[in-house]
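Chains as they are written, first to last, in the numbering used here: chain A, 1 to 398; chain B, 1 to 114.
Wrong hints could be hidden among the right ones.
Pulled a few chain A residues facing chain B out of the computed Cβ check, cut under 10 Å [what the hints assert, rightly or not]: (1) V42; (2) G84; (3) P344.
Derived from the structure by calculation, the hints contain no laboratory data.
All C-beta atoms in this analysis are idealised placements derived from N, C-alpha and C, irrespective of residue type, glycine included.
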Amino acid sequence: MARKTNPYLTIDTDAHCGVPLDLFDRYLDPEIKKHPDAPRFVKEDDGFTVFRCGSYQFPRRAKPKPGATAAAVTPSASFPGPRGSWDPAYRTEKFLDFEGIDRSVCMPFGIMFPSYVQDRALGNALCTAWNDWLHDFCSTQPERMFGYGVINIADPKAAAKELRRCVKELGFPSVLVAPSAVGRTPEDYYILADEVLYPIWDEAQSLGVPISMHSFPDPFVPGHEYNGARRPTGLFDCIGFPSASMQIFGNLVMGGVCEMFPKLKWGLFECTIGWIPQIMHGIEEQREAFGAYFAQSVPKMKLTPKEYIQRQLYFSVEVGDPFIDTFVKWTGAPDRLLYASDYPHLEYSPGQVATFLAREDLSDDLKRGIMGANALGYYRWDDTAMPKVTERAGAAAA
Amino acid sequence: MAEAGGAAGQWWPVVDESRLSDGAAFGADCGALRIAVYQVAGALYATDSLCTHAFVPLEDGMLDGYEIECPVHQARFDVRNGECRRFPADKPLRVFQTRREAGVVQVWIPAGTV
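Use the sequences and the hints to build the structure in full.
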């Protein structure tokens, strides 16, 4: 198949990987394998394969009824996932080449939330196994496929250590964290703004790598679940993703994380962007209306949301998102938007890049930035480190 | 689009028999029509190639028994009757007759097929 090209350097910042069913046989620490709750795949009565690690299961779904034959599934969420998610040759030819994507940074799915595994040693081992596998997976296309390492924020010390390994040994341009962590008791509950997590953010800042977060509307936190299969509210996509992203944004901006780590970049993925102007407006309205009370309630936030966005926050955007112009108007930050395919999940459909480039409501400069030039800034990829990219990026990223 | 089956329908040669084995899928163009051929337990089956959800070639997917799984979104179809077995597709595939003729797998394209 001939490789498509387009005028711009194209970097996909959110393409998902499947998980081979033998991953834990091959990559899990032998001592951890002996644990009765060690990570594993389980085939349920209706033939659907789920991931389990202790009480954590993905996807969470209603227990199959006896005799059920047709699995009620979350699309593209069965394991090992579709071929495009785990076969690098197919993925390269039929996705990267077909779309004309220069580089793709691979997200996990399902097991990307080790901080929801109550046993922290298991959560840490899960990260190590995943990261080692992802490194090998990406090594099959070392100039085009890159990975998000996964770290377990439920164990901040271990997370900081694994973060360093991901960057220094495995070469990942970013790591992924869950938006919260749960444990065995209510006290074992972390959110991103908690100071106990500061050592992780400090390590990332010192290493100069961005922290990435993929929105997830079922964060295993009571009261914040939008799991369609378990609770058929129909809110999984249209409300769950943006509301989960708002929580993250609130932690980073109002919770003071951006203020405390001014050089640390953050990326929100599959977050949608239409809500951002509304939240920006709401925060500033509250600050103006409540003055001293606001300052007392949100003591760490010194700048405006707009200033934090311009300084250190990035957002992925879908090719058909109708709020791109609105986002740019409110934030003044067109360079904060990143192209995300969501391959091979439902937001992706073949011909996606061409569809985006055909949009008549966006300027060429905006398209150039979203397609790839902005991602160079996010990952801190430069000409010296990435000579293959430079050949196309030179003109496109200028 | 041209009618692959012509005015009276026809058998199209699509692949040498030796290139198929149990669990294998193969895609071929029959005029303007793209067909996927599968072999399961020695028997041949043929359906439209393109998934009815996002038009991804199914011959690139994994054949699990009699079900072909789309390599991108994991929709599933029964290759025996084209029945859609898993979301996100919700429309069936067309199925076509097959035969082996002098070492070549052929697919019957009825008249008027586009």
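Here's how the hints hold up against the structure:
1. V42: violated, 18 Å
2. G84: holds, 5 Å
3. P344: Holds: closest Cβ of chain B sits about 4 Å from A:P344, inside 10 Å.
Figure legend: structure checked against the earlier numbered hints; the only hint not met is number 1.
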